[in-house]
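Letter by letter, the chains look like this.
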Amino acid sequence: MPEASTTAITRKPPRWLPWLGGKSNPGDAVFRGASRFFALLVVALLLAMAYEMARASTASFKEFGWGFIISREWDPVAEQFGALPFIYGTVVSSLVALFIAVPVALGIAIYLSELAPLWLRKPVGFLVELLAAVPSVVYGLWGIFVLAPLMAQTIEPALRKTLGFLPLFSGPNQGFGMLSGGLVLAIMILPTISSVSREVLQAVPNNLREGATALGATRWEVVRVGVLPYARSGLVGAIILGLGRALGETMAITMLIGNRPEISASLFAPSYTMASVIANEFTEATADVHLAALAEIAFLLFAVTLLLNIIARLLVWQVSRNEAKGGR
Amino acid sequence: MKAKAPRFTRRLLAPVVVTLLALLVTACKGSGEGSGEKATATTGDVSLNGAGATFPYPLYSKWMSEYNKQNPNVKINYQSIGSGGGIRQILAGTVDFGASDAPMSDDEMKKAPRTLHHIPATLGGVAITYNLDGVKDLKLSPEALAGIYLGTITKWNDAKIAETNDGVTLPDQGITVAYRSDGSGTTAVFSDYLAKVSSDWKDKVGVGKSLKWPKGLGAKGNEGVTGQVKTTKGAVGYVELAYAITSNLEVAALKNKAGEFVKPSIDAITAAAAGEALPESLTTSITDSPGKGAYPISSYSYLLVYEDTKDTTKGEALAKFMWWAIHDGQKLAADLHYAPLPDAVVKQVETRLKQLKSGEKKLLP
Chain U
1 MPEASTTAIT
11 RKPPRWLPWL
21 GGKSNPGDAV
31 FRGASRFFAL
41 LVVALLLAMA
51 YEMARASTAS
61 FKEFGWGFII
71 SREWDPVAEQ
81 FGALPFIYGT
91 VVSSLVALFI
101 AVPVALGIAI
111 YLSELAPLWL
121 RKPVGFLVEL
131 LAAVPSVVYG
141 LWGIFVLAPL
151 MAQTIEPALR
161 KTLGFLPLFS
171 GPNQGFGMLS
181 GGLVLAIMIL
191 PTISSVSREV
201 LQAVPNNLRE
211 GATALGATRW
221 EVVRVGVLPY
231 ARSGLVGAII
241 LGLGRALGET
251 MAITMLIGNR
261 PEISASLFAP
271 SYTMASVIAN
281 EFTEATADVH
291 LAALAEIAFL
301 LFAVTLLLNI
311 IARLLVWQVS
321 RNEAKGGR
Chain L
329 MKAKAPRFTR
339 RLLAPVVVTL
349 LALLVTACKG
359 SGEGSGEKAT
369 ATTGDVSLNG
379 AGATFPYPLY
389 SKWMSEYNKQ
399 NPNVKINYQS
409 IGSGGGIRQI
419 LAGTVDFGAS
429 DAPMSDDEMK
439 KAPRTLHHIP
449 ATLGGVAITY
459 NLDGVKDLKL
469 SPEALAGIYL
479 GTITKWNDAK
489 IAETNDGVTL
499 PDQGITVAYR
509 SDGSGTTAVF
519 SDYLAKVSSD
529 WKDKVGVGKS
539 LKWPKGLGAK
549 GNEGVTGQVK
559 TTKGAVGYVE
569 LAYAITSNLE
579 VAALKNKAGE
589 FVKPSIDAIT
599 AAAAGEALPE
609 SLTTSITDSP
619 GKGAYPISSY
629 SYLLVYEDTK
639 DTTKGEALAK
649 FMWWAIHDGQ
659 KLAADLHYAP
669 LPDAVVKQVE
679 TRLKQLKSGE
689 KKLLP
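Going line by line, the protein sequences match chains U and L. For the first sequence, position 177 (counting from the first letter as 1) is numbered 177 according to our numbering, and the numbering increases by one without interruption. One rule links them: number in our numbering = place in the second sequence (from 1) + 328.
Don't read these hints as lab results, they were simulated from the structure. All residues carry an ideal CB built from backbone N, CA and C; glycine is no exception. Just so you know, not all the hints are guaranteed correct.
As the list claims (entries may be wrong) - The calculated lysine-lysine pairs, modelled on DSSO-like cross-linking and capped at a C-alpha distance of 30 Å, are: (1) L/438 to U/62; (2) U/62 to L/583; (3) L/390 to L/583; (4) L/439 to L/675; (5) L/659 to L/438; (6) U/62 to L/532; (7) U/161 to L/642; (8) L/540 to L/438; (9) L/483 to U/161; (10) L/675 to L/642; (11) L/638 to L/675; (12) L/532 to L/488; (13) U/161 to L/558; (14) L/540 to L/488; (15) L/439 to U/62; (16) U/62 to L/638; (17) L/659 to L/648; (18) L/483 to L/583; (19) L/532 to L/591; (20) L/642 to L/583; (21) L/675 to L/397; (22) L/685 to L/403; (23) L/524 to L/483; (24) L/561 to L/638; (25) L/685 to L/659; (26) L/530 to L/583; (27) L/675 to U/161.
To be verified - Where chain L lies over chain U, by a calculated footprint (3+ residues, C-beta under 8 Å): (28) 76-83; (29) 147-155; (30) 163-176.
Extracted from the complex, chain U is given alone in its bound form:
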């Protein structure tokens, strides 16, 4: 046996080895080369998509220039197009969804990983994750037939009664609008955020909990002082995942948001998202400018998603830098 291994070592490495980034072992080199190829494939795909969308939108860019981003006009008959109401609708509906979903999702995650009796953790966690398996058209139909009437007849009047002095909760309650759209998005991103958060919390070393308990901390203090700070960047990551899903969601929100390209201060008012307008109008758009405008919306959705992700990453970076300084 030892003889065999020495011959293996003295065998000359193949000539193509350095090309794959390998130094001695062909297996390592092939593995490294293959995984690098796959990683680059994703980058290439992303760039190709961005390029293709930019190319498809040239006609619209030539016609409307940068004004496309700040124009509120969307008139397919007169061929006047502007993206602002859609950008607004996408960003605000996603923020509404995060505002509702994050506290609930973190609550679920903390309960399941810290407080719930052991026999309960698995089944409840499983049920929450099952929410993610419901197709979005089902959420949409449920939204039309159950959520929208409930919003119009019960929730929105109640909100107006208590918080009606805010412009956010004024105007007619029709059940279809920004708030309903945001709410259905919240339900859809809830399982994503809560299940990732639960994993993150479970990865927190037990000695942090034990240490805090030993210092006389209560259950809540253990979570607040011992667990959450350690898991902070992972939790932000979970929220970013949820945000990504909210930004790109199409079917359910299209069925509930009211599909009017208008900007209104009220959350009861109908709105429109970028993904929705593409889904609604692309199949039947025949005018070149109309198609190009929709492609430009797709490109902008790409840009908005990227921008929000960068902002979120910066946030995480800021948090972890403060931690390193001893801000904990």
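Put chain L on the given structure of chain U with help from the hints.
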């Protein structure tokens, strides 16, 4: 156990891979043989591909399966990707025939490499549905309908609505307007009608598959509009007739050009087509038709075919299928809530189908 697992999977892996490869090879071989057969045999199978409008899809797919039962060697596939997609694909030549609810625009026709024909295949209508407690058989004048969608009429007890509904107590309720947010032929037909009966609509909104709506909430698809109307008191919306019938919606009667109030029905839609002469292009708008008993928001749905087909076998099969569709096929329409073409129109389409050719050869006797 743990140490054994990888050996077990490795042992399993080889047969699985081999089986998969074998399957792949036979699959490729099979399809290769198939196409070889087609090249040699003269009376082989013909498969035709079409794409386009979603509105006539249930009827077309019924036609295609029925036709295939009678002519087992002809297989017709139809992708209901929307009229816009159908037009794009027939222009690009990636399908044998296209289908569209609205006739192609002049700009689109200019993009065609060869003469392209519209073949009227069936008729459809757009029903006005509403949700109003205790009000059955609502009657609407064109002015009232346009006013509702323009936002100038905001309450159900408006004088414009009341004057056509004698003896009906209309509630003092706001009107919630629902429209199709997805681009659709239904919207095109509906807006075509409103533009004919209201100059305000024509100037401010216009005609198209997607519009800048003065008022209302956008809902996706017929099911979305139905959902909004069903769940909102005081709502009004428009849906395809077939959809309105099958989902038992309350529909309004509309005043036609002859002054009658007509509820949407298959006969009333055929009457609308009979009341409007079909020009040489075989395309026309039959909204606000002057015909007696005509339902005013009706329209043709068209198949799109090139006059000259390169592949004679395919061309013949397609021409024969269309011949069958405008004769025997029309009898299947009513069951699926599509209106059959009037006899005069069938005669005109016959003439057009006889013009179809492949090179010098006429495709139909």
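* Asked: Against which earlier hints does the structure fall short, listed by number upward?
  -> 2, 3, 5, 7, 16, 20, 24 and 27
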